[in-house]
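S.K.: Residue numbers (the working numbering), protein chains in the order written: chain A, 29 to 309; chain B, 4 to 536; chain C, -17 to 296.
Read the hints as simulated data drawn from the structure, not as lab findings.
Built from N, CA and C at the ideal position, the CB exists for glycine as well.
Treat the hints with care, as some may be off.
Derived list of chain C stretches under chain A, where covered just means 3 residues or more per stretch with a C-beta under 8 Å from a C-beta of chain A [to be verified]:
| hint | segment |
| --- | --- |
| 1 | -8 to -2 |
| 2 | 41 to 53 |
| 3 | 125 to 138 |
The lines below spell out each chain.
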Amino acid sequence: MSPTWKRFRDAFRRHPTALVGGAILIAMVAIAILAPWLGTVDPLAVFPSQRLHPPSAESWLGTDMLGRDVYSRVVYGARVSLIVGLAVAALSTLLGLAIGLVTGYVRRLDAVLMRIMDGLMSIPSVLLAIALMALTKASIGNVIVAITLAEVPRVVRLVRSLVFSLREQPYVEAAIAAGTTLPRILVRHILPNIVAPLLVQGTYVCGSAMITEAILSFIGAGTPPNIPSWGNIMAEGRSLIQIASYLIVFPGICLSLTVLAVNLLGDGMRDALDPRLARRM
Amino acid sequence: MHKCSALLRSMTAVIGAVALVAGLIAPVATAQGQKVLKFIPQADLRILDPITTTAYITRNHGYMIYDTLFATDAKFQVQPQMVDKYELSKDQLTYTFTLRDGLKFHDGQPVRSADCIASIERWAKRDALGQKMAESTEAWTAVNDKTFTLKLKKPFPLTLEALAKPSSNVPFIMPERIAKTDASTNITEPIGSGPFKFVKAEWVPGSKVVYVKNTDYVPRKEPPSWAAGGKVVKVDRVEWIYIPDAATAAAALNAGEVDWWEQMPPDLIPVLAKNKDVKVENIDPLGSMGLLRFNFMYPPFNNQKMRQAVLYALEQNDYVLGIAGSQKNGHPCYSYFTCGTPLSSEVGAEPLKGKRDFAKAKELIKEAGYKGEKIVIIDATDQPIVHSQSLLTAEMLRKLGLNVDLQAGDWGTLITRRSSKEPIDKGGWSIFHTWLVGPDVTSPALNFAVRGSGQKAWFGWPDDPKIEELRDAWFAATDAASSKKAADAVQTRAFDFVPYVPTAQFILPTAYRTNLSGVIIAPITLMWNVEKK
Amino acid sequence: MIAYIVRRLFSTIVVMAVVAFVVFSLLYLTPGDPAAIIAGDIATDEDIRRIHARLGLDDPFLVQFGRWLWSLAHGNLGTSIFTNLPVTQLIGQRIEPTLSLTLCTLVVSILVAVPLGVVAAAKAGSWLDRAVMSFSVLGFSVPVFVFAYILILTFSVQLDWLPVQGYRSFRDGVWEWLRHLILPSIALGTVYVALITRMTRASMLDVLAQDYIRTAEAKGLAPEQVLIGHALKNAAIPVVTIIGVGVALLISGAIVTETVFALPGVGRLTVDAILRRDYPIIQGVILIFSAVYVLVNLAVDMSYVLFDPRIRLT
């Protein structure tokens, strides 16, 4: 077993919470994938005459204001929240990496790009996401793009600072002096040292994206209503909180739990990868 | 060296001092003994012009600060309001109106004939019934400051009904200089002659609107009946506090932070029912009519058989539950005119009424030659009434095997998209839902959604010369019996041509604290006569 | 030091210019049409077209941008399409609740989070540390509005200790003012507290490992003196940075908090404006929020001069 993995394993042993986080996340992903086989019914099927029934043997988490089964909607909702969270994390990481590398290496573009990033970061992320959503019709794809755009600047900042500090490292300077081509330097020296903090940042972005999606749906600018997402379900049920609190409680718990899991995982990974890095983040 | 701790320490000291001093400052005394009515309106008041917009919130605002020449009472009869006496010439072509004494605008100016004429003319440019009246109008003339006449080209039996129109647009009377504003530019000065005055300085759009009692107002002597009768204001000040979150609004009413909630979602009745200080009532006997509107310009709903298929598949009871929550606050209404009003009936309603016939619907779809064209339903997630209807319709059409695309947005987006005459792939639409208040759908004159004037019609643009003919025939009807017959004819044709599908009739209850009395039972929100103990 | 300050000021201006361009472009590209909304439910095509022309919505992009920048330079943020009131007036009317909420939240959060972070760092690895870290992770994970509803249900509905909604002005009595801000501040501040606690702890841990701390301890200084006098001051920079960065979180969260608690603030104004496509308000508000954020961070950068003597030498 390589030393890195060994460190991982030991770190996780020291941080059982991270293990728990990872386990919960895997469970959620499994639930999302296996949704049709978990005793669910069509999450979109309406039965107005069965509206607002509290949890019972027939509908485990009750029915909503149109008679739809809440349990099924929550289970299928996992798909949306997870897809949004993971997609935004992946996209913003890749995009941020690309832009960050460019700023780290192309001085002229650095100034321009960083000003743009600063500008974007100055607009509070939820506001930016809402404004972007207002440009297009509601769809999961657009939600993902909107939130990604709001999260990218932070990733760019991280990559840029890492690239700057790495560039000054003696072994990188030595490589340049030895005439190594830029792509090789990137692949052999820069990237491997960026991957770790990027992964950690990615988990935080994932959690933040899931919450942003919920807020967007809450305000009415998020996932379209015919696709159940945890944020959506809560938004539709919010006026009924005093007579049907289960409409908010169950999706709320699922969302909080998943985001918590992702954050714990991120914490654990951060500690595992570099104890010093742990301090800095 | 201890800079940081020194900084912290001084910060704490300052905060502490401020808090201490501020705590000792006595709160500013509010005016003693003022009766303030706190009300949660159905929407946020944005536009102050009740002529350029039909929005009900602006209409309610209009009733606060303006007055009308005539008004409709609880028996649907026309009563004089600002008018003292009136007469119609023998040839039915000239009306003469004389105003009451003591009518003044909020800026102190007396109400003159010129003000009334300018206001009516502006209203007639926008309102559907007003436009019809304008077609028959030759001239309005002021005889003197208190008397004026209306000369018609041909008899218009609905003249007084038009001047007494209870709901959007209401022919409110404004000062001449304001009424001379172009009919598609919003007025900015809210000056009227009504029982309340608007306090512009305290208006916070999106949050609070403030009115005070107009102490110069001279109410009529009769008891109030809907918008007619004496408008006696029994409070000093009214505050409209807009709370968009229904759960928060319910909690605020329960806690006594507000006195009256105009329209509450029926689902929240149990939350208020437990509180013995709160009363929930249906003060709006006519309720509202939900509707499903087609786009007649493009397939598939340019095909009459497709629309008729929807008639056979749509279950109004589902929509009642979806919108009103239970049969207590809503019921099916298989008519193109508001159920509970004289012209409403179930003539021709067989396809929509009774047991659903999906087989027949599918047959009609086949006959129509449906080739899988995409159906775009535009939805507004922030309007629960529109939203539930959209979801129900999407499910129903899916059950029929149709290709449905439910596109969500908010009310703002919906209003924008529905005005688009483009095909679906360029941002067009196939179906949208909305609702109209009862008073707006009581007759062929008022129901603009049943018209078939093609490109000039309401969004959807149905083109049916036959229905227009029948509508004109209704206008020509001279007595109640022939009026009913003509209305039935319009409805029969409507159930055949299907300009839209009525989905449900529902009542949004109102809730107020028990220390309020005198709340007027009417389909429009009126705030005079209300007393707060 | 002067060079540092000048450089920061200059980049602030550039950033604001970028923000202005982004904000304007965003709205220009919006497909929604305010004309249709103003015209109302029973409107004709012609009405909509007329309103379009009146609002100048048909002019090319650069013309509209230029027009907007010009009026901006005159301190004019435009006029709301719906209410015909100047945007500056609309924002001015609603700034007090938002300011009260954010200030309250800021003060409470910092007063709670910094000591928590310091204590957690001082007792790193203990159960106290773990508890603090667990709470802070929880703070990140529960969305603001869920937390807000829980607070309302518990403290307002069940226990009736605090009001459900609304805002009372400072001038109507400080106690009432505070009462209405307690629940919103707690709901909004949770994420902020979580963020600051973590950063304080991390930064303190970094500093506490340094040699000069051991020197201070060796000199015989009391632990509190070491902690506050030496460590905290040096740990301050990242903490102050995160306070500045976190203002963005506050602003985002304020929108939701104001909606749930019915506070008539600028956040709610923004959401309403966006949903209704009231362009001038949207532009004005986003611009102002961004300006606030940028200025706060400028102040933070300036404060480095206080905290980091090395900057004074540049």
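S.K.: Confirm or reject each hint.
M.R.: Hint check results:
{"no.": "1", "hint": "-8 to -2", "result": "holds (count 4)"}
{"no.": "2", "hint": "41 to 53", "result": "violated (count 0)"}
{"no.": "3", "hint": "125 to 138", "result": "holds (count 6)"}
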